[in-house]
Amino acid sequence: MTALLEARDVRKEYVSGRGAVTVALEAVTLSVPAGEFVSIVGPSGCGKTTLLNCVAGLETFDEGSLTLDGRPITGPGPDRAVVFQDASLLPWRTAFDNVGYGMAVQRRVPAAERERRTRSLIELVGLSGFERHYPRELSGGMRQRVNLARALATAPELLLMDEPFAALDAQTREQLQLELTRIWQADRVTVLFVTHDIEEAVFLSDRVVTMTGRPGTVRSVLDVPLPRPRDPAVKRTPGFAALEEEIWHQLHTPATVS
Amino acid sequence: MTATLTRTIRPPATIRRRRRFRGRKLVLGGGLLVLLLVVWELAARANPHVQLLASSPSEVAATLVAFSGDGTFWSVHVLATAEGFAAGFVVAVVGGLGLGVLMGWRRGVRETLEPFVFVVNAVPGIALIPLFMVWFGYGFTYQVVVVASWSFFPVLLNTMAGVRAADPALLRMARSFGASTKRLLWTVALPDAAPLVFAGVQQALTHAVTGIVGAQMWASASGLGWVIANAAMNIQVEQIIAATVVVAVSGALLNELLGAVARRWTR
Amino acid sequence: MDTVRLLRGGGFLLVVLALWELLARSGWVDPVFTGSPSGVVTALGELVSDPEFWSVHASATAVGFLAGWSLAVVVGLPLGLFMGWYGPVRDLFEPLVMTFYSTPRIALVPLFVVWFGFGLPYKLVVVFLAAIFPVLLNMMAGVRSADAALVAMSRSFGASPVTVLRTVVLPASLPHALTGVRQAVAHGLTGVVVGEVFSAGTGLGYELNQAAQLFRTDRLFAIVVVLAVAAVAANEGMLLVERRLTGPRASTASRSPRSGSAARSSASRSA
Chain A
383 MTALLEARDV RKEYVSGRGA VTVALEAVTL SVPAGEFVSI VGPSGCGKTT
433 LLNCVAGLET FDEGSLTLDG RPITGPGPDR AVVFQDASLL PWRTAFDNVG
483 YGMAVQRRVP AAERERRTRS LIELVGLSGF ERHYPRELSG GMRQRVNLAR
533 ALATAPELLL MDEPFAALDA QTREQLQLEL TRIWQADRVT VLFVTHDIEE
583 AVFLSDRVVT MTGRPGTVRS VLDVPLPRPR DPAVKRTPGF AALEEEIWHQ
633 LHTPATVS
Chain B
163 MTATLTRTIR PPATIRRRRR FRGRKLVLGG GLLVLLLVVW ELAARANPHV
213 QLLASSPSEV AATLVAFSGD GTFWSVHVLA TAEGFAAGFV VAVVGGLGLG
263 VLMGWRRGVR ETLEPFVFVV NAVPGIALIP LFMVWFGYGF TYQVVVVASW
313 SFFPVLLNTM AGVRAADPAL LRMARSFGAS TKRLLWTVAL PDAAPLVFAG
363 VQQALTHAVT GIVGAQMWAS ASGLGWVIAN AAMNIQVEQI IAATVVVAVS
413 GALLNELLGA VARRWTR
Chain C
132 MDTVRLLRGG GFLLVVLALW ELLARSGWVD PVFTGSPSGV VTALGELVSD
182 PEFWSVHASA TAVGFLAGWS LAVVVGLPLG LFMGWYGPVR DLFEPLVMTF
232 YSTPRIALVP LFVVWFGFGL PYKLVVVFLA AIFPVLLNMM AGVRSADAAL
282 VAMSRSFGAS PVTVLRTVVL PASLPHALTG VRQAVAHGLT GVVVGEVFSA
332 GTGLGYELNQ AAQLFRTDRL FAIVVVLAVA AVAANEGMLL VERRLTGPRA
382 STASRSPRSG SAARSSASRS A
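Residue numbers (our numbering), protein chains in the order written: chain A, 383 to 640; chain B, 163 to 429; chain C, 132 to 402.
The set of hints was computed from the structure by calculation and includes no laboratory data.
Take every hint as true, because none was put in to throw you off.
Between beta-carbon pairs, the in silico distance windows are:
(1) ALA327(B) with SER398(A): 21 to 27 angstroms
(2) ARG564(A) with LEU137(C): 54 to 60 angstroms
(3) VAL238(B) with VAL147(C): 37 to 43 angstroms
Since the structure is predicted, the reported quantities are computational estimates derived from the model, not experimental observations.
Even for Gly, the Cβ is constructed at its ideal location relative to N, Cα and C.
Can you build the whole structure from these sequences, using the hints too?
See below:
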């Protein structure tokens, strides 16, 4: 499988007003094969969100290279879409219009097609009947579904997700994890998923990247050979637990000097 | 064993659930207004001094009727007031919005212009009337400039504040789809700032009404402000009050209209 | 305040002043019309050193302002309290208050001249009517903003209405009250100048009028500067008091002397 996203030795530093330098990302190297679901797990402040922002083109980096399908990433573009933790729905537009917002901004899809995609995605994310609702009339979980639908509507090559379920209650989170894996199974879009929740990462992904922070760097990459499609029951299998334990171990022990 | 610890505590007047009947404001407040009008009318009839100096509701009403039938009142005075008001108000809103967006969006522009805006805003508006009369004379331009200068700042300051405070999460989301600056402003920043912008425009409306009246009272040959100033010179109190009523009612109506538009356009 | 910001803002001001000065000296326009920074500075110097300016005009304005403003505070705060607290009182007075609030008080100035002449009583009335509304409306909003949960808590301990007022409502409304009193300063200053501009006699407004009639633009600007400085100083002074008295709680309205957030929000339906 060809690598869709390639990061090589990416380094990013922040310089504060007083000249103090913080290294957010150091020698980050990873590749995301096309059609795979890859998670990045790490504690808060390890740089995973920064890395995601760089891939999204919302932040610049200082050294190294980031390419998507061979093309260097220089800014936001229609080949990527982001699902943020904050649903960021325009409060003055209906769910329907919000789903269409990304496409409208990018202006690459004609109106009729936009309408068609919006309708089918609303159904896909399970929001049929709520098209005319405003964000304030929707629950947190429903807003995240709109968020996801909006991102998928632009038909990106790479879907970026930044802890999308972290702000939801446990039950909604589980429900949405299930929905996400079901949706992904049908579509197989390449996903880069950031989370601090190990169980979530193992359940959803084909591959888990662990990152440690200060400075942010890739600790290890683990394959998740669990069968697809994934069922919630898999969470209680010994294989699952072993993966979780290995990841936890990776996150909590220092890397041996090579 | 259980001594009666309870005594009947009478709830204080303020939480007694007295049924607040919906028309209470109308009855009490309206009643007070009617009462004051009646007292005024009676005082005027009892004492000719009062009639002379303060007019009376009946005389004011008669004057209003006379005004409404008087063609010149409408075609000359009301028109002059409306024109000056409208022109100045539109200039102020358009200018205030434009500059407010610019200053709210770009830090460089804001930092450069902010002290200047602060200085000009600190000048009490009334001082601008004589100044502008010196610069622009007595005509239409002078009136428009006075009205615009009085109503410009609420729009500018509120728009600037609103755009500055635009939800950063929404902006980031739009940027992630590659939105251009124009799109960001038009589809996110301005709608998000709408409540503040409308508040500014409403304040501007009030200032504009006062401005046109003040400008016309000071130096003009026509308009409702002139009517008031002229009536004052001839001690025709009923005209002063009647013209003031016309201005106040129009202002209130416009404000209601603006409020309705604001409610429709903001969520 | 970092250097870049200072340079940008200060630089722009200086550029404007320089252009103004150049325009006045260029000969394209009559400097008597435009005034000039140097002319204004000179006029300002004359004003400041003129004892009559201070003892007659400035003091007349100050006295007129203080009289009207203090009356507005003394009347507005208790009235705002009662109107905020007691629904019936509010329903009784609110239409009357809003009627006056929505009339352009500038139109009533000639009427007041007819009734009161040009002296202190006239100025007091004009300033009072200008300054009462921020005080009243902000205080009302402040009282109504008292957290209902806290009021309920207080009552649950059997507190009398007076105690509830004293221990919960008044402290809660303090920031609003101070904001209203501060905004009343700006409104009152404008009021006294408006009153003086439209009358004969003494005061800074009257001097403004005179300077305009005589086309002494530099002197006009100088008086404007005095007024602006007074307004800003008063506003900043009151902000300091406000911050001192309300401690870590942020002040409820903007720093601008003229914007009345509470006044507007409760008077949104009238001009």
